[in-house]
Amino acid sequence: MNIIVCIKRVPQTAEADVKIDSTGKDIIKDRLAFDMNESDSYALEEAILLKEKFGGTVTVVSLGYPETEDTLRIALAKGGDSAIRIKAEDFDEIDGYKTAVILSSVIRGLPYDLILTGCMATDDYYSMVGQTLAELLDIPHASLVTKLDITNNKAQVYRELEGGLLEHLEVNLPALVTVQTGINTPRFASLIAIRRAASKEIKIVGKSDISKDIISNATLEELFYPPVGKRAEILTGSIDEVVTKLATIIKEKGLI
Amino acid sequence: MAGILTLVEHRQGVIRDITFELLTLGRKIAQNLSTQCSAVLLCDNAEKFIGQLKNNAHRIIVMENSVFKDFNAETYQIALSEILKKENPFLTIIGHTAMGMDLGPSLATQMNIPFTTDCMDVQIFDGKLRVIRSMFDGKLNARILLKDNPSYLVTYRSGSIPVETGNLDAEVVKLETPINAQPEYRKFIEYIEAAVGAVDITKADIIVSVGRGIKDKANLPVIEDFAKVIGGVIGCTRPVVDAGWLPKEHQVGSSGKTVKPKLYIALGISGAFQHLMGMKNSDTIIAVNKDPNAPIFNEADYGIVEDLFKVVPVLKNKILELKQTKA
Amino acid sequence: MSNLLKLNPEIRELLLEQGAGDAIKCYECGRCMAACPWNMVDGVNYTTYQFPDLIRLGAILCSEEKEAICQETNEVFRCVGCDSCFYECPRKVNISNILRSARRIMIDFGSYPQELKSLFLRLNSNGNPLGESQDKRKEWADGLVIPKFTEGLDYFLFVCCITAYDARAKSVAFSVAQTLQTAGIKFGINSDKEVCCGEAVRRAGGEKVFIKLFESNLKMFRDLKVKNTITISPHCYTIFNNEYKNYHNFQPLHYTQVVFEQIKTGRIKPRKPFNKAVVYHDPCTLGRQSGIYEEPREILKSIPELKLVEVPFFNRKNSICCGAGSMGLWREYANEERLVNLRLKQLLNTGAEVIAVACPYCLQMFEETLKSMNTEIKVMDVSEILWESLKLETDQ
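Residue numbers (my numbering), protein chains in the order written: chain A, 1456 to 1711; chain B, 21 to 347; chain C, 105 to 500.
Just chain A, same shape as in the assembly (with noise of 0.2 Å):
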């Protein structure tokens, strides 16, 4: 099975400060981790998972600047085969449509049986890539997937609705998988990987490389601070001062 798995290198933000830069459509990055994107991560884990009982080949794919290769490096070091960097710093206005018309412009030349990506990324939050791409590729799509099985040539997907509830599909393959975080436990890299993984060539692709005009949907005019809402009224003091000032909230509310 050769399965392709488009992963993306997002910034760190759930316990930093993020704050807007002076072009005010971007934020100020150098106080900031990067990493791999969590649902990727999801996804190249469930696609060494369908290699190791199937065969073939995982190829990692991201659009991204150079320090990206990092983060190929991790996928190619936790069980990936090749890597493809498509060079962002050619293209400009990158948004989550122009991401999937140019991850389409090269997967279009590539062998594939199945395309594995993350369901949302924490940066942006458009979860549309991997639908567009599908979409471009003339592909069947199935996207929030928690659950894969493949047989006989077609993906039984499980996608996760609201409540809990499970939507099962039959889809034929080639096909496009967007996957949610908890499908898998992803894994950790042996150093046996990570050295291969160190001295394998990554592709890299640029704008010359793709015949397409890639044309853009929209454009960021602004970043702004969300307003803040109404806030909560903050009981303070001591611990015991506010325990005890909660706990009568509570009763006087008829709660205990």
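Keep in mind that the hints were calculated from the coordinates and are not lab data.
It is possible that part of the hints are untrue.
[To be verified] Derived DEER-like restraints, expressed as beta-carbon distance ranges:
no.: 1; chain 1: A; residue 1: P1521; chain 2: C; residue 2: C174; range: 27 to 33 Å
no.: 2; chain 1: B; residue 1: F145; chain 2: A; residue 2: G1684; range: 24 to 30 Å
no.: 3; chain 1: A; residue 1: P1521; chain 2: C; residue 2: G247; range: 48 to 54 Å
no.: 4; chain 1: A; residue 1: K1655; chain 2: B; residue 2: S86; range: 40 to 46 Å
no.: 5; chain 1: C; residue 1: C133; chain 2: A; residue 2: K1655; range: 37 to 43 Å
no.: 6; chain 1: B; residue 1: N313; chain 2: C; residue 2: D258; range: 37 to 43 Å
no.: 7; chain 1: B; residue 1: T278; chain 2: C; residue 2: Q218; range: 44 to 50 Å
no.: 8; chain 1: B; residue 1: F145; chain 2: A; residue 2: S1477; range: 24 to 30 Å
no.: 9; chain 1: C; residue 1: E169; chain 2: A; residue 2: I1659; range: 28 to 34 Å
no.: 10; chain 1: B; residue 1: Q51; chain 2: C; residue 2: C174; range: 54 to 60 Å
no.: 11; chain 1: B; residue 1: K48; chain 2: A; residue 2: R1563; range: 48 to 54 Å
no.: 12; chain 1: C; residue 1: Q218; chain 2: A; residue 2: E1544; range: 27 to 33 Å
no.: 13; chain 1: B; residue 1: F145; chain 2: A; residue 2: L1628; range: 43 to 49 Å
Every residue, glycine too, gets a C-beta built ideally from N, C-alpha and C.
Using the hints, position chains B and C against chain A.
Only chains B and C this time, still in chain A's reference frame:
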């Protein structure tokens, strides 16, 4: 002026709340643009749904066929592409839900119309469409301008619009269905209910909910102890389930359960929007989190900025004390 | 680990590059295994002596099997860097450093216990492991008048992140500062530029994060022309002594050394009695790694009515690690598998009423664990006990 289309989202015979949010929005936009808002309904039996929709749209565009009994993004896409070709709407609005995510981007790409996802607000001026979206773990918002086009598509975040009932009387327009059977390459097989565990947190009056802030499974007993004392059940966020610390039946959020208890205590939960969506309508929300900037404090009624492990044991004893002194 | 170990020169080279050179010296006598505190915990079998061998062969973390790598990675990250093995080793093989060489690579490739991830992120973006903001770093000193360090002052007081930010531990920084002021020591601080010393993250293998912290502090020391530092934490002390000193000419001191001198010369005289049995726990970084055993004890002995007791045999160089080193403070092990329980049992068995510590990590580790135990014993830093005895009625 080209109209507004909104997609009716229904599942297992029930129209989901997002539908009415989108219709509220659609009607407002239609009014501003002096045009009409139409609801698009793809189903096997329109009768049972039309009554609920009649007041809320100018038109209901129906394709009625057994193939639409259960959602399949492919059948919907085939149908909607026909409808869009025919209607040429200015704006198509779909919910940013499990259904909408599966359908919206591929539909818009097939139709070659500019689109964006997970919008919290739309601004239409001079034929141009701008949207407000959330980014970077919800810490920043962005204003996006879509490329000039006569037609656009957006998926809209649920819970962003207060629902209003319309006072319209929709004209029902029945259209021929372009397909009669599910495509062979993508078939809906079945729904699988979440396994009913020992606990149904949606029925509880008090929920004590934990997030990544509890740091490890080994710390759950302290929380469970507290929950027992206060008479509540345990809830949690998605990462806690992903890490295998609690089974999925405890998950509160967009892909877990939506709860409306009398008291929701959020411990070590930062307040990612996927979680907020599942509990924001609780009567009283109390949040304990070390981070004063945690988004949960925007949803909570009361907050304590402190290490939850310092608060919980003391709170437990206090509650025990108060329970013993009958008021 | 399979009995048949394949020799892999490339892995061996990779690890030697990262600093595992000590592995070559090992002759597998096994004394490290007897010394390692993990092997005193029921149910844990830490095959310490195998690590140098595996490194020499390039046979560590080499399985292609997912489960096996997961288990082996967890074992590689188990080491708390207490250096008991190093102390006992006849050839002075530093197993903590050897394991660190593997951990550095694993961390670079996202393969490590995930509870450490947020620590790396917080240290990277906020300069402290608690993820607090820099402008809060001075709040521990509220109520004190401490000058900002300038060249004219004798000492730079380097404040451990835990004591700067943690509500309980702030009193340690407070007590140290008050004591030094009472002794007339001329010192200053810099809460605007000071960031974590990086000792724990470095030992754990987070080299990239460490270098960022290191360069920031180094620049501060150079810009301010710091010649002498007093540290509150012995972790800061050891990394200053072992690493920072190679790049900047300065003399690090631990506060117990300075305070001991002041008591010896009579500059400060503890007067108020502290009528309790106190057991002193030697922190790994102050004791075994730095050879500072008697100064904290002399400080305690100078306090009227204080009864100093010792853990039989497991004191001074034989002290058992509290488990907090090498980012162990943030690791989560099952209750039966925690080093801290082992040490606490020893300390409780002395019958003491107070555990005296001289390290903020030990303080936190013991306090957190004691919370879930039914006991009256208290944990206090040596400086807090001393300040109790030194302070006048009018002091805080």
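Now for the hints, and whether the structure bears them out:
no. : hint                         : result
1   : P1521/A / C174/C: 27 to 33 Å : 31 Å, holds
2   : F145/B / G1684/A: 24 to 30 Å : 26 Å, holds
3   : P1521/A / G247/C: 48 to 54 Å : 50 Å, holds
4   : K1655/A / S86/B: 40 to 46 Å  : 52 Å, violated
5   : C133/C / K1655/A: 37 to 43 Å : 40 Å, holds
6   : N313/B / D258/C: 37 to 43 Å  : 39 Å, holds
7   : T278/B / Q218/C: 44 to 50 Å  : 28 Å, violated
8   : F145/B / S1477/A: 24 to 30 Å : 27 Å, holds
9   : E169/C / I1659/A: 28 to 34 Å : 32 Å, holds
10  : Q51/B / C174/C: 54 to 60 Å   : 59 Å, holds
11  : K48/B / R1563/A: 48 to 54 Å  : 41 Å, violated
12  : Q218/C / E1544/A: 27 to 33 Å : 32 Å, holds
13  : F145/B / L1628/A: 43 to 49 Å : 45 Å, holds
Violated hints for the displayed structure, listed by number in ascending order: 4, 7 and 11.
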